[in-house]
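Each chain is listed here by its residues.
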Amino acid sequence: MHPIRPFARAGVCFAAILPLVLMAGLAAPASDGPELRYDRDIRPLLSDRCFRCHGQDATKRRGKLRLDDPESSLADRGGYAAIVPGKPDESELVHRVTNPDPKEVMPPPSSNKRTLSASEQELVKRWIERGAPYEPHWSFVAPTRPPVPEVRTANWSRNAIDRFVLARLESEGVAPSADADRETLLRRLFLDLTGLPPTPEEIDAFLADRTAEAYERVVDRIFSEEPYKTRYAERMATPWLDAARYADTCGIHTDAGRQIWPWRDWLLNAYRDNLPFDRFLTEQLAGDLLPDATEQQRIASGFNRNHVTTDEGGAISEEYLVEYAVDRAATTGSVFLALTLGCARCHEHKFDPISQEEFYSFYAYFNSIGEPGLYSQLPDPDRAFEPFMTVPTAEQERELASMQGDLGRARAELAANTPEEEAQYAEFLGGLAAKSGLAWATSALVAAKSANGATLSIQPDGSALASGANPDRDEHELVLTTEGGGLRLLMVEALADPSLPEGRVGRAQNGNAVLSGVEAEAVALADRTQRQIVHFTWAWADHEQENGDFRVVNVLETRDALGWAVDAHRKPGGRVALLLAEQPFGFDGGTELHVRLQYNSAYSQHVLGRVRLSVGTLDPRACDALPSAVSGWYVAGPFPAESGQAAFDQAFGPEADASLDLARNFGGGNQTWRFDENLRDEKLNDLAAGVNAFYVARRIFAPTARNKVELSLGSDDGFRLFLNGKEVASHRVDRPLSADQERATIELAAGVNVMVMKIANSGGPAGFFQRTIARDGELAGDLVAALLPGSARAAELDLRVRLAWKTAFSPGYRARRERITLLGRQIAEIDAKTPRTMVMEEMAAPRPTFVLARGAYDKADPSRPVERGVPAALGRLPENAPNDRLGLARWMTSTANPLVARVAVNRWWELFFGIGIVRTSEDFGMQGEWPSHPELLDWLAVELHEGGGPAGGAAAGPWDVQHLLRLIVTSSTYRQSSRQRPDVRERDPEDRWLSWFPRRRLTAEQIRDQALYVSGLLVEKFGGPSVKPYQPDGLWNEVAMPASNTRSYVRGEGEDLWRRSLYTYWKRACPPPLLQTFDAPTRESCTIRRASTDTPLQALALWNDEQFVEAARMLAQRTLSEGGVPGGDDARLKRMFRRCTGHEPAADEVALMAGKVAEFRERFAAAPADAEKLLKVGAAPPPMEAKVAPAELAAWTLIANALLSLDATICRS
Amino acid sequence: MDPIERRHLALTRRRFFSSTARSLGAALGTTALASLLSRSARAAEGAHAGPLLPHFAPKAKRVIYLHMEGAPSQIDLFDHKPGLKERFNEDLPDSIRMGQRLTGMTSGQARFPVAPSIFQFTRYPNQMDGAWISELMPQLGTVAHELCFIHSMQTDAINHEPGITFFQTGNQQPGRPSFGAWASYGLGSMNENLPTFVVLITQGFGNMQALSARFWGSGFLSSDHQGCKLRSAGDPVLYLNDPPGVARADRRRMLDLVLELDEREAARSLDPEVATRIAQAEMAYRMQMSVPELVDSTGEDARTLELYGPDVTKPGTFAANCLLARRLAERGVRFIQLYMRGWDQHGNLPAEIRLQSKAVDQPIAALIKDLGQRGLLEDTLVMWAGEFGRTVYSQGTLSADNYGRDHHPRCFTIWLAGGGIKPGISYGRTDDYSYNIVENPVEVHDLHATLLHLLGLDHEKLTFRHQGRDFRLTDVFGKVIPEILG
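Just so you know, the protein sequences line up as chains P and Y, in that order.
Counting from -19, one number per residue, gives the positions in the first sequence under the numbering used here.
Counting from 449, one number per residue, gives the positions in the second sequence under the numbering used here.
There's no promise every hint is true.
Each pair of labels, with its calculated beta carbon distance range [stated by the list, open to error]: (1) R716/Y x G1108/P: 24 to 32 angstroms; (2) V713/P x A848/Y: 36 to 44 angstroms; (3) P930/Y x R94/P: 39 to 47 angstroms; (4) A848/Y x S639/P: 18 to 26 angstroms; (5) A848/Y x D362/P: 45 to 53 angstroms; (6) N863/P x K870/Y: 53 to 61 angstroms.
List of simulated lysine-lysine pairs, DSBU-like, C-alpha gap at most 30 angstroms [to be verified]: (7) K44/P x K927/Y; (8) K1153/P x K44/P; (9) K415/P x K786/P; (10) K40/P x K817/Y; (11) K806/Y x K40/P; (12) K93/P x K927/Y; (13) K813/P x K1008/P; (14) K83/P x K927/Y; (15) K93/P x K507/Y; (16) K93/P x K40/P; (17) K44/P x K909/Y; (18) K551/P x K786/P; (19) K762/Y x K1153/P; (20) K817/Y x K762/Y; (21) K839/P x K507/Y; (22) K105/P x K909/Y; (23) K83/P x K909/Y; (24) K909/Y x K93/P.
If we take Cβ atoms under 10 angstroms as the criterion, some of the chain P residues that face chain Y in the derived model are [as the list claims (entries may be wrong)]: (25) Q36; (26) A38; (27) E299; (28) P620; (29) R959; (30) N1017; (31) R1048; (32) L1154; (33) A1182; (34) S1185.
Since the hints were made in silico from the structure, they are not lab data.
For every residue, glycine included, the Cβ atom is placed at its ideal position computed from N, Cα and C.
The following block holds chain P by itself, in its conformation from the complex (with noise of 0.2 angstroms):
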């Protein structure tokens, strides 16, 4: 076996040279050459034109011909053959591609393709004619070293690329340019490598060393000292950033903020540290995979999750799913293979050897990560997306750990109550009934009766318990006698009880039950004719049901059918309530009192099984130092306005109503009260986004009138308070939600009050905060329960008592709980600054793969399953490599594969020269473009594989990226002058020969950060946050969704300013406007080329965007300020043109710059005001050494505008 070597000048079979009219007919430069080549020459054209119906696309094939397919072009077609080796005339391609007729001729005019030009139907003659020689796709064979040319022109080569590119100039009859003069060069390399220019100094240096191997130790240096080699990591990083699609926002909907920054300095420092690029792509894709995975190598693992993510409400989860596997899918092909693989999710590959199974298969590796196809809106946009890791620095895990610790003992100190406690707790229960005047009487219920046919018995501990018929609706009536009178409370205790469902306290199946209403009458035993209609006006409950409008003030209210709910279907045990009357009742000589318990609610059955009353005294002021009782949340709203001020002004009927009329309209009818189970007190209660106002209402049951009752509010862009009808208190402000924002003190009336609460918003999401603050002496919360007799308290509700006495009288306690509160905060915040960063991380089990039906989610075909797998066409994984992302690394990196190697030399030769070897580096596939130097590109690629091979220089590892880069920056191919050569560029347009070097313009991050460094700018900081510099105004605003929380821009503070541009916060929907001004892509997707256009946004920008004046301020600032610069303006125009350009100014340009110094000048001199309003562009100070009079400073500024502005400051020679 020969090894398939398809750059190979062998040319076995065609050894003819073409004429020269043919070549010149064919539209790429690249394919003129000495031989025809069918994969050069013919499969592009036969690519382009015939494939989509003669391809391998089984689905699409027209007349059951492939044409990529020998077996199939060659093959007897009954008297005929498409084509017939060796006689082009016999064969039916060449009839059918120069055929007139527009019913005959192929490509049809309906393809929209282009017919044969008659040179490419000449080509395909010759072709068929020397026998129709087919060869495999080049890189889809693996490269072999092949030798180094000979070349006829001497001392030029400095390595082998040289010889490589010379002979190629050479077969052209044209020489190389000579080398560049030392500055041009010292700028070039300087910007290509670190991204920044030389100063004056480092260039006066260079200049100064006029040594043999002067420039090939400004090499080294730049790649082995600091800070060149931070400064070599941030200028190769950038471009990966794009092709990774990094950004620092989800993308899709509310685009929300997320964190994956650690991923970009993973980046950074696999670029410093010169990591083997083997390393650089399995970690990147299989970091997580790798055994015993460091930190560092589940961080790069991210680069997979770099893609955009929705948190669109509605939105289909498997939909997203499906989309984010399919674009890691296509961007690993892309990045790594430079292969269009996402062509073939809904169909086969028109033009490569990929199937559609075969797509599934890729897809497979990448479709199995534990992460939701929706994500969930949170407003913190420093938030990871899930699976994620934290990343914190060694001194924040030192200090989480600490602080954990202090946690863990704080929270077994407040477990422990001191003796001290023990005897203070003792004292507050024992004293109680005496300070409070409560006394429960001694009573015995003498009669019990259902009004609906259920059986009441009297039980011998008091209660009455319920059997025989469950009526739907019931009302029992209990009857106690008691000995006194002066009475205020009843107890209810609902018990539990075997004989109910559950053993539970309800008769509902599931043993829950709603108490609707309890009256009571008393009737003096003594005199029958005098009775008391009992009036509750206050009650508390042990436990209350949450999941809807249950509190036990409901049952104050005994016409409806809102009752309390107990939750005993959720929880066992016995639940005892508490109820007011407004006033004493009972008589003396003894009280016989009726208490009718309604079970009127919406829920059958649920009445209470097993009931005991009790009643008991309390003097008025225990009744004041009892809680408010409070009912839950009603909502009415949104009511939209035109503007926040209209929400807030704006009366929409709900603040009029003092009575919370559940069954009122308001707003046109539109709008009633309804409860909103999920609003809460001391709770963050989002309300819908939008300019709008809303209500929220509750009512209060004062146990007696009380001045004074402090609440402790928030709320969205403001509010205003109404008690019963009136306004208590207002405040209009723009401001988002959080708790505790301002105080309003309120009075309220003994019995019920209603508190309604209008919230104004402005747009974004609207929400309140309340709480209410316990009065000195109130039996806040649990306390309340202090009351009930021992016996009437179970455990866990002694437990609570003892709690809230803790909380409310325990001077000690509530400074250990204080303690903890704040130890928690502390750790939140720690938390919250605690970088993270969102990696990959395989599900337990892969998810079965199906290909999809036109590539969609919901179309999986079960008849076709896949597993995991790389196109046959492409290898296959190597022995012993697991099938998981980790053994796709292997092969990828195996150098039996044919693309990495090429694809990745390929990306560096392209960021030098601006076009690759292959024009179309993200397209190494059939429609991919034929190299311009085929053997030069094996050559780099089996260089990069093998470290250094007999022609390689220093000897290096394999992989070992820097060696690349050497070998291309040291060579005389890119120390070439690039002055343009008219005569060869009507030959070679685009200079593919490479026979000067190309000048092109600055990216977007190297203007922006050459304009920071040579103005003295620039601050060189490492890694970190993404940063916010300079932005015109309200660009986020116009097009985020309000509840975004990437919505408004705020600008950074201080060095933020001026970091480079890498670090710059990237918003997917909004991207920083100078660098997309300059090219950059969105982000969205990857991008391997950017695109260089020239536009008059981009003059603009350099004139006057904020960063640009301040930099030319600064530069002035500068070159003014510098000493040790004689010979006055003409010395200074001459350094700041240097530090712009790297080079000195021709004498007539000093002259002209000169001029417009004193044009300036003059001018500033006349306008000071001017002067000073330029002069105050931009944060950056003016150094305090510098006293130059402003309108000097301000000439001198525009100067450092138009040179930082120059075509030859924003473009590398």
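Chain P is fixed; fit chain Y onto it per the hints.
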């Protein structure tokens, strides 16, 4: 024109055709100066050729596309279903729903109660049997004879992001060029002082979705084709205004220095790109004057201002942006896109749609009339559309006068006017529930194909090679709808 300007314009012309630029000019042959100014010589990389001229005689020279972000309810605006009144609160019959996919927001609803529109409809005369328009858009009724309603629009997307992305780029997922970018790529510029594709945004009253830069992005086309946002606050075009303290004459002097030095650089490097950038800088300088003139509507006569309504003088309102759209159209801007945000009325629809409609009704009618009276309507294609429609059933609680509606991609109404569209007709029909299309469905790709056709472009020939494939706005779909062509 002031004398300094005049001198420099002359200087620029001379400079442009000087030796440094000659080779570039020659390379571009007959290409108009305008298109040279709007794009780089390098931008054609990957394309078949330079700017594509129209494939056949265009009916429309420019487009004004009014995108109603959030998706307005066709049932409450244009798709009149009087029969629904009697079906209030009935369950949507399964025979109508047919198990079609719902968003995650209503898929859990126990019932799908029919919510008839509470708004009155009026029949306005047109070239057919009249156009039914609800009371929300009374002014639009006065130009009904100019409008071509498509009641049978449908889309593949059910949520906003993919829905808007689909309408703008022909694909639901990010990454493709927008319609305006394709128009710029295919037809180039008609004005050397303004961008080819301009975007204007108005904030709405209801629930607003995000507007992503991709909606006017250039995708894989070079970035000079992307939409340029014209802003109502700050610089109308980013970085347009000179910094404080810098006067026009200062900028001119500074620019002259740059150009003189650049010419020397051009001579040194023999790089034709230098000349391109010189031309771009000159255009930037001209834009600094032409854009403020453009956005300053104080010169408009009182009658015109009155036509657009009282909001026209408030920057950023829909009225102000409609007037600006006319001024852009007059000045030859190729593609003008207005966004009105906030039509996403899942709840409380009647109140919110009133506010939204009030903000757009008069300005849109005014725009049509204004274009008409200036003779611009005949070659300006105006389109009004959301990204999908809304459901006939109520999302959330239905009452006699309040309801919400969920997303509905199966059918919705858009309208077109001017630019070679057949005026005063309705095309396509929906069933009694405005739930399914019963006649002449129009897909987004069909709409795109038709619009391109009116611009003189064959949607199958307007391609760009990217990643080895010839991409189109219409992907591999789309057909021109002859019935709506004038």
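Each hint, compared with the structure:
no.: 1; hint: R716/Y x G1108/P: 24 to 32 angstroms; verdict: 27 angstroms, holds
no.: 2; hint: V713/P x A848/Y: 36 to 44 angstroms; verdict: 37 angstroms, holds
no.: 3; hint: P930/Y x R94/P: 39 to 47 angstroms; verdict: 27 angstroms, violated
no.: 4; hint: A848/Y x S639/P: 18 to 26 angstroms; verdict: 24 angstroms, holds
no.: 5; hint: A848/Y x D362/P: 45 to 53 angstroms; verdict: 47 angstroms, holds
no.: 6; hint: N863/P x K870/Y: 53 to 61 angstroms; verdict: 60 angstroms, holds
no.: 7; hint: K44/P x K927/Y; verdict: 28 angstroms, holds
no.: 8; hint: K1153/P x K44/P; verdict: 76 angstroms, violated
no.: 9; hint: K415/P x K786/P; verdict: 19 angstroms, holds
no.: 10; hint: K40/P x K817/Y; verdict: 49 angstroms, violated
no.: 11; hint: K806/Y x K40/P; verdict: 51 angstroms, violated
no.: 12; hint: K93/P x K927/Y; verdict: 18 angstroms, holds
no.: 13; hint: K813/P x K1008/P; verdict: 17 angstroms, holds
no.: 14; hint: K83/P x K927/Y; verdict: 23 angstroms, holds
no.: 15; hint: K93/P x K507/Y; verdict: 26 angstroms, holds
no.: 16; hint: K93/P x K40/P; verdict: 16 angstroms, holds
no.: 17; hint: K44/P x K909/Y; verdict: 27 angstroms, holds
no.: 18; hint: K551/P x K786/P; verdict: 26 angstroms, holds
no.: 19; hint: K762/Y x K1153/P; verdict: 29 angstroms, holds
no.: 20; hint: K817/Y x K762/Y; verdict: 21 angstroms, holds
no.: 21; hint: K839/P x K507/Y; verdict: 41 angstroms, violated
no.: 22; hint: K105/P x K909/Y; verdict: 28 angstroms, holds
no.: 23; hint: K83/P x K909/Y; verdict: 20 angstroms, holds
no.: 24; hint: K909/Y x K93/P; verdict: 9 angstroms, holds
no.: 25; hint: Q36; verdict: 14 angstroms, violated
no.: 26; hint: A38; verdict: 17 angstroms, violated
no.: 27; hint: E299; verdict: 9 angstroms, holds
no.: 28; hint: P620; verdict: 5 angstroms, holds
no.: 29; hint: R959; verdict: 6 angstroms, holds
no.: 30; hint: N1017; verdict: 9 angstroms, holds
no.: 31; hint: R1048; verdict: 7 angstroms, holds
no.: 32; hint: L1154; verdict: 3 angstroms, holds
no.: 33; hint: A1182; verdict: 5 angstroms, holds
no.: 34; hint: S1185; verdict: 5 angstroms, holds
Of the numbered hints listed earlier, those contradicted by the structure are 3, 8, 10, 11, 21, 25 and 26.
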